[in-house]
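Residue numbers (the working numbering), protein chains in the order written: chain A, 2 to 165; chain B, 27 to 792; chain C, 15 to 306.
It is possible that part of the hints are untrue.
[Stated by the list, open to error] Below 16 Å or equal to it, Euclidean Cα-Cα: the simulated EDC-like pairs (lysine to aspartate or glutamate) are:
#: 1; chain 1: A; residue 1: Lys97; chain 2: B; residue 2: Glu40
#: 2; chain 1: B; residue 1: Lys786; chain 2: C; residue 2: Glu280
#: 3; chain 1: A; residue 1: Lys97; chain 2: B; residue 2: Glu59
#: 4; chain 1: A; residue 1: Lys6; chain 2: C; residue 2: Asp67
#: 5; chain 1: A; residue 1: Lys6; chain 2: C; residue 2: Asp21
#: 6; chain 1: A; residue 1: Lys36; chain 2: B; residue 2: Glu40
#: 7; chain 1: A; residue 1: Lys36; chain 2: B; residue 2: Glu59
[Stated by the list, open to error] Pulled a few chain A residues facing chain B out of the computed Cβ check, cut under 8 Å:
#: 8; residue: Lys15
#: 9; residue: Ala19
#: 10; residue: Asn20
#: 11; residue: His41
#: 12; residue: Gly43
#: 13; residue: Cys44
#: 14; residue: Ala51
#: 15; residue: Phe95
#: 16; residue: Cys103
#: 17; residue: Cys138
#: 18; residue: Cys140
If you're looking for bench data, these hints aren't it; they were derived computationally from the structure.
Glycine included, C-beta positions come from ideal geometry on N, C-alpha and C.
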Amino acid sequence: MSARKYVKLNVNGKPYEANIEARTTLADCLRHNFKLTGTHVGCEHGVCGACTVLVDGLAVRSCLIFAVQAEGMIITTVEGLSSGNTLSPLQAAFRKHHALQCGFCTAGILTTTHALLSNEPDADANRVREVLSGNICRCTGYVQIIDAVLDARAAYKQGPESGR
Amino acid sequence: MNVLRNAYIGQEVERIEDFRFLTGRGTFVDDYEPAGVLHAAILRSSVAHGRIVSIDSATALEIPGVHAIVTAADIGEQIPTIPIRLAPIAGLEKYLQPVIAREKVRYVGEPIAVILAESRAIAEDAANAIDLSIDSFDPIPNWRTAEIDKTLLFEQNRTNVAARYVVGFGDTDAVFANSEYSRREFFRAHRHTAVPMETRGVVAEWDAAKERLTVNGATKVTFFNRRALAAMLGMAESAIDLIELDVGGGFGVRGEFYPEDFLIPFAARKFKRPIKWIEDRLEHFQAANHSREIDCELEIACRRDGTILALRGRIFADMGAYTRTNSGVVPAKAAQFLHGPYRIPAVKIEVSAFMTSKTPVGTYRAPGRFESNFFRERLIDMAARDLGIDPIDMRRRNLIAATEMPYSIGKLVPYENETAYDTGDYQAALDECLRAFGWEEKKKMFQSRKIGGRYHGLGIACFVESGGAGPRENVRMTLEANGHVTIAVGSSVLGQGLETVFAQIAADAMSLPLESFHVLHGSTTIVDEGFGTYHSRAVVMGGSAILDGAKNLLLSIQNAAGLQFNCRPEDVTIQDGTVLGPDGHTSTFAALAAAVGPVSATGTFANNKRTYSYGAHAAHVSVDPRTGHVAVLDYVAVEDIGRAINPALVHGQTFGAVVQGLGGVFLDHLIYDDNAQLLNASLADYLLPTATDFPNIRGVTMQLHLSPSNPLGAKGAGEGGMVAVAATAANAVAAALAEFNVQPNELPLSPPSVWGLIQKSNTLRI
Amino acid sequence: MKAHRFDYVRPARLEHAIEVLAEHGDQAKVIAGGQSLVPMLAFRLATPRFLVDIGRLPDLNRVTIDDSGIRIGALVRWRDIECSAELKLAHPLLVEAIRHVAHYQIRNRGTVGGSLAHADPAAELPGLALTCGAEILVVGQRGQRTISADEFFIGPLSTSLRQDELIVELHLPPWRVGRRWAFEEFSRRRGDFALAGVALFYDRQQNGHAGNVQIGAIGVADTPIRLTAAESVVQGKTITEAIARQAGAAASESVHPADDIHAPGEYRRALIGVLTELALARASGLSLQEHA
């Protein structure tokens, strides 16, 4: 039992380690210890959804889980949704539909909708809106985000890993 | 004027900046962390009004990892105050904010100490360990208390009434004395604010060898801020760089000069370590500008046929504890836009600005307009109803006609000259709104009808909005050795897609592909003087400067080619990225720049004439009388912006602005108690609109009337989607509840308050 | 908004967890999903010296459905309940109530035990537990005990759990076949805490009358409560529009919610009446004239 912990986490398929205070959230650990700054912090109290990452395939708020709790879990951040210079079909749909403006909430929306479409490729507009009600965006008014997610469904219907 | 190719302008081009945001490779201020950084936390007052008795940091300093604690005593005898940037209404300058509290605290959230530590968490531990003693004074929780002047926020000023003035034209008293009809009502717009998804942040680095300061996290008005900071630190401007990174939204509140914009650089210089401060959400609610809190007593005088003869009003603006950089904008613009797009021969408005012991007030998207369009459009609907006139017809009768342009609205703002609406066909915008909305069909089916237990109503509002503020914007454009063109522009980018829009403009001006351009923005290192982004000016001013810069760059390229080809520059022709000499010499831009080095030119655009966009909004709502819940079933926002460089981006701004605006009507609310304590400084209790709240939004962008004031013909477009939302939504709610004779004249229209209005009406009817 | 410094321990066995809690008393706090606790830590509203992570304790995430009712382990998450076709059949009121809890991401982590222990007066699961007359199985140093829901929730964010005790299971009584039920709540936005909510069920007797009427409310008192006055109106009667309205009126009169920043007390009072009426209409298949 102690206030400092040595953690080893699996992020985007790679091992990462850090010596951190136990009170370090997964969000802060990803950003400051692992330098994966794609995940953003908007509120630190679990409301805005900007910090959403995937843990064992499920969308979770990384500001509401301490890094030490995430040992042994498979973590995917926005950086793990595509590789190199290619956009995933979901990301490409966001670009096509102008589903981002300042980009700050975008990572959390991508991980959330990637999880959604991976499990429910037939999700309709109401379901998409319902799921996204846990992600706040101040710029877009959501309309074009919904359009993008609905457009991206086709890619997920081809199979479980096709959304990447 | 440049002859523009229009291969890109007007096209829905996908955004260049999207790639980095989609892949998590943006650089926002918290993503930037220089080596050796210390983290800062700010100890803020939890008392609304009081005198600081003592600050004992001994225990806090003993916490391992705490480096230092800075208070007013460390800054010196003279604590700098934050200057006014614009809208200097006489009197407000006496209420400037010191960068840190010394003797008095005047609002919950006011900075008292800066703690520097190895981590933010440790800095917060230390903040909690500081022994702070404050003698509380009576709070000043609202303008009515402020006006009495029993408790003074600034003893030396002897009053809390910071400013009071009257503007207008025509003889309103005579008109009201003789009018066939008049009505006076009281309206209230409530305190709320922008809440960008990214909180503020400052990273300051001091280079001791060169005695230079670099500050990351700046935006909006970086050159003004640098000037202010230099003065406060006793440094030359040229020794300070303010760097703009990626910015997570601003909406008016981010980028103005705040106390932390001094405190963090001060600490970096004092302790010779890089200092990083990232605002948390709780702080943001307490410390970033609030807005919109205005009461208005408004009277309208009409003929029986609905012709509006006069508007007379009193505006009471709650300014919070200090005058911030944008000073009197909110009340001044509320007054200016009170009469809106209508032909009203006599107008008289008294504006009063009061200081209260709450977070200071600044500009939030459509400042003053959101409020005053609500006041006026509600009153027009009430008058129309009294007179038995259809609210559309009443507006048609009074809207300024296209043939009356330019239409002078006189001098309604003390610190501005007379101004005139430039161009526009307000009737056409109204017509388009009614058509797109389906007003006539919806009216038959829904207007003031009860269906399935819910009351339905339609509302309309017309507006005019200014944009494109001067005085100038500058650009430097450089043809690089690889054939690409770097555009360095003084405009700031806060999410509006300007990296793409500016590239579109330049691409057409230079007949080059879009991919050739790379836009740098905002930082003080990239142009000699920039003016920034506010009042929807970036495309008008920055875009026009780019046209000038493109023209000049092409001339410079011609000159360079002339030297290369040993001919007169005038004999060089340019075509699609190639220079052609008279002897058949030819070179691509890239080869030319590779040979002679990068070719550079500057551009500028100066303008003091605002642009005036305009339009109309319509809404269909249904109200559940049992819960007070209002559902927005359809909302159409129509605006003529002259010219849309990228219609998809304009559309996105419209959706965003309307949803923000509807939040400002039904959800957002900064709730203070009688002790001037902010009760809901969290996203759990301050309600922002989410994806399920307002799904039925439609926008129409018209490009009917160009602006005559700039070569693009564009009118500012970022705020028009917001200005008429409260007016439209409230009118729709009033129409829905017509049979209750309910007047939704106070915002917000939360379920409990709508329910309360219905209850009150029911009691009256029994 | 960083949490204060705490020591973290993740016991592998229930007994060890209890030992730690016993040793450190009110200096220790249990974390499972963390969806309610971590925000409190972030605001420094809770500053325990020890954080005891029970998230990996074995055997606490089972769901058992048998004649004794429905047993849900403390570590069962909202998502597990939402996705269970069995539970939807076995206890449709439970599954419907859970649909209203928070948001997608929260539901992937939040747990049954966490919600019960947190005891927010506007939370759905405590309301459901009380309405159904559930029992909460807890384990501490002195062994196991069962606490009935009406003795478990004692105040806002306050339960009768002792310092050394952990919730292991929620036990809902068996759900009768053919039972009528409804859940109605009103919140400002989707996923927000309810301003008020009603969960109810009854069994339709042969003569068409309602028997075993149980109506519970959230958001109108310091804990979830049974609307006994409303139950009396309905018990033994056939549900008509008039009965539903009377029950709503009785519900309103029987509650005394305080004013807070989200709504004045009189609003919540009126609201609970509306929701009771709507829930009764929905449960009985009545189509209310006024109901959209």
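Cross-check of the supplied hints:
1. Distance hint between Lys97/A and Glu40/B is fulfilled; the C-alpha atoms sit about 6 Å from each other, no more than 16 Å.
2. A threshold of 16 Å between alpha carbons decides the hint, and for Lys786/B with Glu280/C the separation of about 13 Å falls inside it, so the pair holds.
3. About 32 Å separates the Cα atoms of Lys97/A and Glu59/B, which puts this hinted pair outside 16 Å; it is violated.
4. Taken as a hint, the Lys6/A and Asp67/C pair is honoured in the structure, with Cα atoms around 14 Å apart against an allowance of 16 Å.
5. Straight-line distance between C-alpha atoms of Lys6/A and Asp21/C comes to about 9 Å, which keeps the hinted pair within the 16 Å bound.
6. In summary, the hint linking Lys36/A to Glu40/B is not supported, as the alpha carbons are separated by about 29 Å, beyond the 16 Å threshold.
7. At roughly 10 Å between alpha-carbon atoms, Lys36/A and Glu59/B fall within 16 Å of each other, so this suggested pair holds.
8. Nearest Cβ of chain B to the Cβ of Lys15/A: about 15 Å, over the 8 Å cut. The hint is violated.
9. Annotation: interface hint on Ala19/A violated; nearest CB of chain B at approximately 13 Å, more than 8 Å.
10. Interface hint status for Asn20/A: violated, as the beta-carbon distance to the closest one in chain B is roughly 13 Å, over 8 Å.
11. Satisfaction of the interface hint for His41/A is found here, the shortest Cβ-Cβ separation to chain B being roughly 7 Å, below the 8 Å cut-off.
12. Hint status for Gly43/A: holds, given a least beta-carbon distance of 5 Å to chain B, under 8 Å.
13. Here the hint on Cys44/A is kept, as its CB sits about 4 Å from the closest CB of chain B, short of 8 Å.
14. A least Cβ separation of about 6 Å between Ala51/A and chain B falls short of the 8 Å threshold, and the interface hint therefore holds.
15. A hinted interface residue such as Phe95/A counts as satisfied when its beta carbon comes closer than 8 Å to some beta carbon of chain B; here the least separation is about 6 Å, so the hint holds.
16. For Cys103/A, the interface hint holds, since its Cβ comes within 8 Å of a Cβ in chain B; the closest pair sits about 3 Å apart.
17. The beta carbon of Cys138/A is positioned within 8 Å of a beta carbon in chain B (closest approach about 7 Å), and the interface hint is therefore held.
18. The criterion of a C-beta within 8 Å of any C-beta in chain B is met by Cys140/A, whose closest approach is roughly 5 Å, and the hint holds.
Consistency with the previously given hints fails for numbers 3, 6, 8, 9, 10, ordered from lowest to highest.
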